[in-house]
Structures are given as C-alpha cells and as structure tokens.
Amino acid sequence: MYRYDEFDHTLVAERIGTFRRQVERRLSGDLTEDQFKPLRLMNGQYLQLHAYMLRVNIPYGCLSSRQLHQLAFIARRYDRNFGHFTTRQNIQYNWIKLDETPAVLAALAAVEMNAMQSSGNCVRNITADQFAGRARDEIEDPRPWCELIRQWSILHPEFSYLPRKFKIAVSGAPSDRAAVKLHDVGLYLRRNADGVIGFEVLVGGGQGRLPYVGHTIREWLAKDDLLSYLEAILRIYNLGGRRDNPQKARIKVQVNALGPDEFRRLVDEEWAQIRNSPLLAVPGAEIERITAYFADPAWEKLPDAPVAVAGQRKSDPAFDAWYRANVVEHRAPGYAIVNLSLKAPGIAPGDLTADQMDQVAELADRFSLGELRVSHRQNLVFPDVRQTDLRALWQELQKLSLATPNIGKLTDIIACPGLDFCALANTRAIPVAQDIGRHFSDLAVLQDIGELTINISGCMNACGHHHVGHIGILGVEKNGEEFFQLTLGGSSAEDASLGDRLGRSIPAAEVPVAIEAIVCRYKALRQVDERFLDTYRRVGIEPFKEAVYGNSPQRRQAVA
Amino acid sequence: MDTKGQMVLANRLTDGHVVFLAADGGWVEDIAGGALASDQDAAQRLLAAAQLAESRNAVVEPYLIGIRNEAGRRQPVSFREAIRAAGPTVRTDLAD
Amino acid sequence: MGLIREGRLVPDPFTDASGLESLPVGVPLIVSLEQWQLHRDALLAAGQPLGLCLKSDQPPRLVAADLRHFSVVALEFPKYRDGRAYTHARMLRERFQFSGEVRAVGDVLQEQLHFMQRCGFDAFDVVAPDPEKAWRTIAGDHTAWYQATGDGRSRALDLRKGTGP
Numbered sequence: 000m001y002r003y004d005e006f007d008h009t010l011v012a013e014r015i016g017t018f019r020r021q022v023e024r025r026l027s028g029d030l031t032e033d034q035f036k037p038l039r040l041m042n043g044q045y046l047q048l049h050a051y052m053l054r055v056n057i058p059y060g061c062l063s064s065r066q067l068h069q070l071a072f073i074a075r076r077y078d079r080n081f082g083h084f085t086t087r088q089n090i091q092y093n094w095i096k097l098d099e100t101p102a103v104l105a106a107l108a109a110v111e112m113n114a115m116q117s118s119g120n121c122v123r124n125i126t127a128d129q130f131a132g133r134a135r136d137e138i139e140d141p142r143p144w145c146e147l148i149r150q151w152s153i154l155h156p157e158f159s160y161l162p163r164k165f166k167i168a169v170s171g172a173p174s175d176r177a178a179v180k181l182h183d184v185g186l187y188l189r190r191n192a193d194g195v196i197g198f199e200v201l202v203g204g205g206q207g208r209l210p211y212v213g214h215t216i217r218e219w220l221a222k223d224d225l226l227s228y229l230e231a232i233l234r235i236y237n238l239g240g241r242r243d244n245p246q247k248a249r250i251k252v253q254v255n256a257l258g259p260d261e262f263r264r265l266v267d268e269e270w271a272q273i274r275n276s277p278l279l280a281v282p283g284a285e286i287e288r289i290t291a292y293f294a295d296p297a298w299e300k301l302p303d304a305p306v307a308v309a310g311q312r313k314s315d316p317a318f319d320a321w322y323r324a325n326v327v328e329h330r331a332p333g334y335a336i337v338n339l340s341l342k343a344p345g346i347a348p349g350d351l352t353a354d355q356m357d358q359v360a361e362l363a364d365r366f367s368l369g370e371l372r373v374s375h376r377q378n379l380v381f382p383d384v385r386q387t388d389l390r391a392l393w394q395e396l397q398k399l400s401l402a403t404p405n406i407g408k409l410t411d412i413i414a415c416p417g418l419d420f421c422a423l424a425n426t427r428a429i430p431v432a433q434d435i436g437r438h439f440s441d442l443a444v445l446q447d448i449g450e451l452t453i454n455i456s457g458c459m460n461a462c463g464h465h466h467v468g469h470i471g472i473l474g475v476e477k478n479g480e481e482f483f484q485l486t487l488g489g490s491s492a493e494d495a496s497l498g499d500r501l502g503r504s505i506p507a508a509e510v511p512v513a514i515e516a517i518v519c520r521y522k523a524l525r526q527v528d529e530r531f532l533d534t535y536r537r538v539g540i541e542p543f544k545e546a547v548y549g550n551s552p553q554r555r556q557a558v559a
Numbered sequence: 000m001d002t003k004g005q006m007v008l009a010n011r012l013t014d015g016h017v018v019f020l021a022a023d024g025g026w027v028e029d030i031a032g033g034a035l036a037s038d039q040d041a042a043q044r045l046l047a048a049a050q051l052a053e054s055r056n057a058v059v060e061p062y063l064i065g066i067r068n069e070a071g072r073r074q075p076v077s078f079r080e081a082i083r084a085a086g087p088t089v090r091t092d093l094a095d
Numbered sequence: 000m001g002l003i004r005e006g007r008l009v010p011d012p013f014t015d016a017s018g019l020e021s022l023p024v025g026v027p028l029i030v031s032l033e034q035w036q037l038h039r040d041a042l043l044a045a046g047q048p049l050g051l052c053l054k055s056d057q058p059p060r061l062v063a064a065d066l067r068h069f070s071v072v073a074l075e076f077p078k079y080r081d082g083r084a085y086t087h088a089r090m091l092r093e094r095f096q097f098s099g100e101v102r103a104v105g106d107v108l109q110e111q112l113h114f115m116q117r118c119g120f121d122a123f124d125v126v127a128p129d130p131e132k133a134w135r136t137i138a139g140d141h142t143a144w145y146q147a148t149g150d151g152r153s154r155a156l157d158l159r160k161g162t163g164p
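Chains as they are written, first to last, in numbering that gives the first Met the number 0: chain A, 0 to 559; chain B, 0 to 95; chain C, 0 to 164.
Just so you know, these hints were derived from the structure itself, not from any lab.
Predicted model only: the values in this text are computed from it and were never measured.
Take these hints with a grain of salt, some might be off.
Distance windows between CB atoms, simulated [unchecked claim]: (1) A/440 <-> C/106: 53 to 61 Å; (2) C/142 <-> A/278: 15 to 23 Å; (3) A/196 <-> C/150: 29 to 37 Å; (4) A/508 <-> B/37: 33 to 41 Å.
Pairs of lysine-lysine, DSSO-like flavour, derived with a Cα cap of 27 Å [said to hold, decoys possible]: (5) C/132 <-> A/247; (6) C/54 <-> A/222; (7) A/300 <-> A/164; (8) B/3 <-> A/477; (9) A/164 <-> C/132.
Short derived list, chain B residues pointing at chain A, Cβ under 10 Å [claimed, not checked]: (10) 11; (11) 53; (12) 59; (13) 62; (14) 68; (15) 69; (16) 71; (17) 72; (18) 83.
Cβ coordinates follow ideal geometry from the N, Cα and C atoms, glycine included.
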C-alpha cells in the first residue's frame with residue numbers, strides 16, 4: 000500500500016493545523032456557521048440528526064491492519080464503539096464532537112489516514128475495484144493511478160469550490176466492480192488497438208435525484224495525458240456547471256444539457272491548451288515511485304487448488320457453502336480472495352464494532368499479509384489468503400459473525416444510514432434491510448435464488464445506490480408514514496442500467512412480502528443458470544408488476 | 000409535567016448533540032427537562048431566546064417542534080424529531 | 000475591509016466605478032465589462048491607469064485582446080462558494096500572460112486566501128476586521144502542495160527524488 004513520505008505527512012499535518020484553527024474560530028464565534036460549514040465539510044464533517052458525523056477516507060478501499068486498529072481506537076475513545084463502511088469505500092463515525100475533531104484527525108494522521116475532501120464541493124475519495132491487484136481478470140492494477148489522481152485532487156487551488164461534489168472511480172478489469180459508469184468521471188484501464196494500456200474516460204454518471212449512466216467522451220487516453228485531461232474536464236465543469244440550483248449542479252446535468260459531443264468538444268478545446276504543460280506532466284520517476292508501493296507481495300510458491308481443500312469442502316457442507324459464495328479466484332496460484340460479509344441477518348449493513356475491527360485486524364495479520372479492502376457494497380475483503388488457510392479463517396470469521404455466505408446474494412444488501420442517522424433522509428433504511436435479512440435467512444433459499452442485489456436508499460439522494468440495484472428500494476414519506484418504492488433491473492457493472500419503477504409505493508411491513516413475490520416469479524420464469532437481472536431483462540417488468548400488485552389497476556399505478 | 004405544545008430543539012455546537020431549550024435558558028439533552036410552550040406567543044419567545052443563543056454560538060440550527068402526549072410522556076409529533084430526541088431506532092445497544 | 004498586497008494593508012489608488020452611473024474623470028478607474036464596452040475609446044483617451052472588474056460569469060477571454068490596457072483586473076467572488084474566479088485568475092496569468100495586478104474582490108474570506116494566491120491573485124480585498132492579521136494568520140499555513148499552478152511553487156512530485164518504499 001501507499002506510504003506517506005515527508006510531503007504527504009507535511010500536507011496532512013498542515014491541513015489539520017488549519018482546521019484546528021478554523022474550529023477554534025468557530026467555537027469563539029469568529030466564524031459564523033455559514034462561513035464554517037464549507038470548511039467543516041471539506042474535512043468530512045456533517046451535522047446530522049444526532050451529532051456530528053465524520054467521514055474518513057479509505058483511499059480506493061485499501062486499509063492496513065495497523066490502520067484498522069486505529070479506527071477501532073477512535074471508535075472507542077471518541078465515538079460509540081462502532082463505525083459504518085459506506086458505498087464510497089469510506090468509514091463514518093456518528094458522534095464525533097467538534098472540539099475533539101482535531102484530535103481525531105491527528106490520530107488518523109498518525110496512521111496515514113485523513114478526512115480531507117470526504118465531503119464538500121470538491122473531488123472526493125477516488126474509489127476502485129476492491130480486488131485491485133489480485134483479480135485474475137485484471138488488465139492493470141488501478142491503485143497507482145488512484146493514488147496519482149488523489150494527490151492531484153487534494154487541496155487543488157482551482158477546484159476546491161466546484162458547483163457541487165465530484166466523484167471519480169477507476170477500474171482495471173473488464174468486469175466492473177467499482178460502479179465506474181455511475182461516477183462524475185469514470186476510468187477504465189483498457190488496451191488500444193496496438194495493445195497499449197490507457198484509459199477509457201466517461202463523464203456525467205451519477206445517481207441522486209437525476210440518475211444518469213456516464214458517457215464515454217474518450218475511448219482511449221494515454222497514461223501520460225491523464226492529469227491534463229482530468230484538469231480540462233474539471234475546468235469546463237468549474238466554469239460551466241450550474242450554480243443556481245444545488246439539485247442541478249452536478250456535471251451529469253451539464254453533460255446532458257450540452258450533449259456529450261459538445262461537452263467533449265469543450266474539453267478537447269481546453270485540453271489542447273494544456274496537454275503539453277509541464278505543470279501537468281507526470282514524471283516517469285513519480286509513477287514508478289507510486290507503483291512500487293503496490294508491487295506484488297512476496298507470495299509463497301504454492302500449488303493451486305490443493306487436494307486438501309477439496310477434501311474439506313466435501314466433508315464440510317457449511318464450509319463449502321461459504322467457499323462457493325464468499326471466496327474468489329486469485330491471480331497467484333495457491334491464494335484466494337476472501338469476502339467478509341458485513342451482512343449477517345438482522346444487523347445493520349456495513350457496520351463493524353470496535354471489537355470486531357480489532358479482531359479483523361488481527362486476522363488480517365494472520366491470514367492476509369496485514370492488508371484488507373473495503374468494497375462499495377459495504378463489505379470487507381482479505382486480498383491474500385492462502386487456500387490452505389481458508390477453513391481456519393472461515394472458522395474465525397464465524398465467531399465474529401462475518402462469515403454469512405451471502406456475497407452477491409439477496410441478503411448482501413446495501414443500505415444507507417437513513418433516517419436513523421441522516422438529516423437528509425425521508426425514511427429509515429436499516430430496519431428494512433434487517434427485515435429482509437431475517438426473512439431470507441435460509442441459506443439454501445439464498446443459494447437457489449443466486450445473484451441478486453438489493454440496494455436501499457432512505458431518500459432521493461441515493462447514497463444507498465438504489466437506482467443500480469437489481470432490486471432497488473427507495474424510501475418515500477407518505478402521510479407521515481414510511482413507504483417504499485421498488486425498482487427492478489438496475490446494474491452498476493459494465494452493463495450499467497438504471498432500475499425501472501415497479502409501481503405504487505408500499506408500506507414498510509409489506510416490503511419482505513413484495514420481495515418474496517418478485518423472487519417467486521423469477522424462479523418460475525427463469526431459464527437454466529439465468530440470474531435475476533437477466534431474466535428481468537428478458538421478460539420485462541409486467542410479470543413482476545403482476546406478482547406484487549396483482550391485477551388491480553389502482554394498485555399497479557406507477558405513482559408514489 | 001406538561002406534555003403538549005412546542006419545544007425548541009437544536010444541536011449543541013461543541014459536541015453536536017441534540018438539545019432542548021430549558022426554562023432557565025440552558026440546554027438539556029433530556030426532552031423532559033426542556034421548556035414547553037403551550038401557546039404561540041410562548042413558542043415565539045422560546046424561539047427568539049434560542050436564536051439569541053445561536054448568535055452566541057451555543058447551538059446550531061434551533062427550531063420549534065410540536066410535542067404530544069404519549070402515555071404521559073413528551074413525544075415529538077414528527078417521526079424525524081422523535082428519532083432526534085431518542086436516538087437511532089437501530090443499534091440501541093450502542094447509541095444513547 | 001481593506002486591500003492587502005504582499006501582506007500589507009495598502010491604499011487603493013483606484014476608484015471603483017463599476018457600480019456608478021457616470022464615470023469620474025481624472026482618476027484611475029476600475030470599470031465593469033459593460034462600462035468598458037460602452038466607453039472604451041473615452042477611457043483609453045483619458046490616459047489614466049485602468050482596471051477591469053469581471054463578474055464570476057465573465058471569463059477573461061472575453062477581453063483577451065484588451066488586457067494590455069489594464070493595470071488591474073479585479074475578479075469577483077459573489078459568494079465565497081462560487082469558485083469560478085479561481086479559474087479566471089489562472090487563465091489571466093497562465094493563458095494570457097497578464098502581468099498586472101489580479102485582485103480578489105467580493106466575498107473574500109481569510110480561509111480561501113491561500114487557494115487564491117496559488118491561482119495567481121496578488122491583491123485581496125479581504126472581508127475581515129483586521130485584514131493584515133487575517134493574512135498573517137494564513138500566510139504560513141501551507142508549505143506542501145501536490146499540484147503545480149503557474150505561481151512557480153514546486154509541487155511535491157517535482158521535489159521528490161524517487162524515494163520509493
């Protein structure tokens with residue numbers, strides 16, 4: 000993983016010093032709340048329903064065991080003993096006191112972490128594939144590029160007061176595990192016709208109230224041109240993004256208003272001016288320096304698919320179920336990628352207690368070379384586990400309730416914090432996830448249903464990514480009660496699509512039953528080995544509408 | 000204890016905690032300890048006091064909320080404010 | 000309010016005429032884009048130092064050909080959240096090689112001064128009870144930067160000597 004050098008340390012330390020002073024000025028009244036708010040936000044701190052929420056960056060989802068121990072310490076010392084992993088690979092604490100925030104930031108800096116720009120109208124955490132550097136289908140590791148982009152974006156003097164937030168994601172594999180097409184800028188590492196690796200560049204993706212799938216504005220960009228091209232995009236956005244209406248201020252609105260071709264033209268026109276600027280050149284030495292941090296670990300030379308493991312799977316059906324659901328192929332023979340499910344039935348998705356954090360950190364040291372990853376689906380990943388260690392690891396994870404064999408299955412639910420925590424929410428999301436989890440806790444049933452993602456958002460801001468769930472659930476308030484709108488057919492992968500509204504919103508209590516009806520209809524209609532999303536795309540929405548609402552015209556009305 | 004009317008709710012600046020304006024001008028975390036206004040005039044006076052406290056940086060974003068009687072105790076009328084007053088409905092083992 | 004240049008509060012030799020109905024004569028003036036377009040010849044003939052004030056939706060390229068006539072270009076921040084003038088300042092310096100004074104006016108707060116400076120602003124109409132103190136407070140804040148702008152400060156990337164893991 001990347002390690003801070005003296006410049007990184009200095010930059011973070013200076014930023015903490017500045018924020019400490021800003022906090023003091025706020026506490027003394029030198030700064031009004033209106034003046035302080037953007038400063039607070041640029042350090043990742045929101046005022047929420049119960050207290051201040053602090054969002055800590057986990058750059059492109061990479062975490063060391065040492066860092067996880069510190070996150071546990073912070074949860075205990077400064078918060079209420081747990082943290083929440085988000086859909087942007089960050090962690091959130093919900094009760095950080097303003098006058099203790101500088102101390103928390105210092106504790107983070109001590110392990111090379113920070114909260115800079117995890118909020119605010121600036122470039123946010125650069126996210127990536129949680130299997131980066133390890134997946135068998137990977138073309139190139141996106142992480143060095145994420146780190147390069149991260150540094151370019153932090154405290155960028157020109158782009159710290161954008162019209163709105165700006166999110167960038169990078170994927171290095173043909174299978175998109177980072178929701179690249181749903182970002183303001185999305186980057187795919189790709190080979191051109193000559194086999195040279197560069198970037199496909201997409202702009203204008205995003206969810207929220209106005210969801211869009213991103214448009215490719217450049218099929219292939221040379222690596223040397225990455226920073227200058229990004230700078231051109233940001234400049235066109237900074238100048239032309241709307242500032243009159245926060246709901247219309249994202250780049251997706253600008254791109255769709257101009258049309259992708261015109262937007263591309265403006266970017267290319269600006270880029271022509273700065274393409275060869277030494278200010279934006281990336282010296283080869285720096286690329287090498289950063290890349291070296293992400294070099295392959297010293298893997299042992301091990302045989303792949305050892306017979307012993309096959310034997311264990313055969314003799315232990317529970318281990319086998321976990322193996323099939325949560326273990327992923329690794330580039331290095333004899334190794335595996337392990338998903339830790341933070342979705343045990345009935346718990347709040349994505350939460351980890353301080354004790355669990357410490358224990359997971361110890362397991363990472365024991366089983367995964369001291370490193371782990373955070374997935375945008377609010378789970379954790381151990382990227383380097385020896386296949387011969389899998390069963391022992393599984394047994395340890397079971398003790399921590401992190402071994403539910405449901406990755407990518409119906410109960411691997413994404414849920415935003417919702418009205419239980421968030422000032423923006425219309426409804427709660429966590430109890431809905433818990434209800435569904437309890438309703439579908441039978442593992443054999445889950446296995447039979449197969450790949451099916453449910454994403455829940457408590458309001459139209461869509462932090463739960465409901466637009467791109469195979470089943471999406473959006474909380475809406477109706478006559479003071481919690482109602483939920485369902486969508487079907489969303490996808491955040493390379494085949495990205497936005498879900499279609501199923502029909503009238505339904506009360507909370509009816510949600511598990513509706514899911515049941517949808518699942519039943521799917522099983523009745525599916526072809527052999529056809530996953531839910533593909534069945535939906537083949538048969539359309541009508542059979543599912545009918546399953547949930549029956550044939551009554553009033554109930555089928557597609558109005559909230 | 001009166002259980003119907005309006006109260007002022009805000010976030011305390013230093014720790015961000017939800018607090019209610021009390022009769023003595025202080026701020027308390029327990030809804031039972033806050034001042035309850037039984038009519039509009041009293042409510043407006045409460046709000047004015049709260050806004051003064053805001054200008055003095057004691058609290059952030061004060062506003063009036065409706066309170067009703069729930070089995071002899073004060074309960075915010077709106078679900079959102081009920082959650083603000085009582086804490087998250089999930090993770091009650093770790094929250095307030 | 001007060002004009003800060005090189006960390007000191009300085010008197011402003013210019014009269015801000017951008018909000019005035021009729022233009023004063025015989026004194027250095029800062030005019031709006033509209034006033035410049037209406038009175039260009041008269042202003043040039045007057046022989047006084049000239050300044051231009053641009054609003055956040057008026058990019059410098061609109062007057063690129065005329066920049067040589069101005070000793071000052073004032074860029075407005077109508078609200079500190081409106082970040083367009085950061086780009087305008089860089090364009091003035093790096094695209095059009097403007098070497099006169101680039102002045103930040105409007106909602107210019109202490110907490111954004113270092114960003115402004117890096118974008119090429121060298122004069123600041125700071126909203127603060129003690130502008131010099133405001134400047135001193137932030138002046139030494141940041142010595143390490145990741146990005147290069149035209150201000151000549153080295154970025155971390157160039158200073159690093161390939162010291163890897």
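Against the structure, the hints come out as follows:
| no. | hint | verdict |
| --- | --- | --- |
| 1 | A/440 <-> C/106: 53 to 61 Å | 55 Å, holds |
| 2 | C/142 <-> A/278: 15 to 23 Å | 19 Å, holds |
| 3 | A/196 <-> C/150: 29 to 37 Å | 34 Å, holds |
| 4 | A/508 <-> B/37: 33 to 41 Å | 36 Å, holds |
| 5 | C/132 <-> A/247 | 38 Å, violated |
| 6 | C/54 <-> A/222 | 36 Å, violated |
| 7 | A/300 <-> A/164 | 45 Å, violated |
| 8 | B/3 <-> A/477 | 24 Å, holds |
| 9 | A/164 <-> C/132 | 32 Å, violated |
| 10 | 11 | 9 Å, holds |
| 11 | 53 | 8 Å, holds |
| 12 | 59 | 6 Å, holds |
| 13 | 62 | 12 Å, violated |
| 14 | 68 | 17 Å, violated |
| 15 | 69 | 15 Å, violated |
| 16 | 71 | 22 Å, violated |
| 17 | 72 | 20 Å, violated |
| 18 | 83 | 5 Å, holds |
Hints 5, 6, 7, 9, 13, 14, 15, 16, 17 from the earlier list are contradicted by this structure; the remaining hints agree with it.
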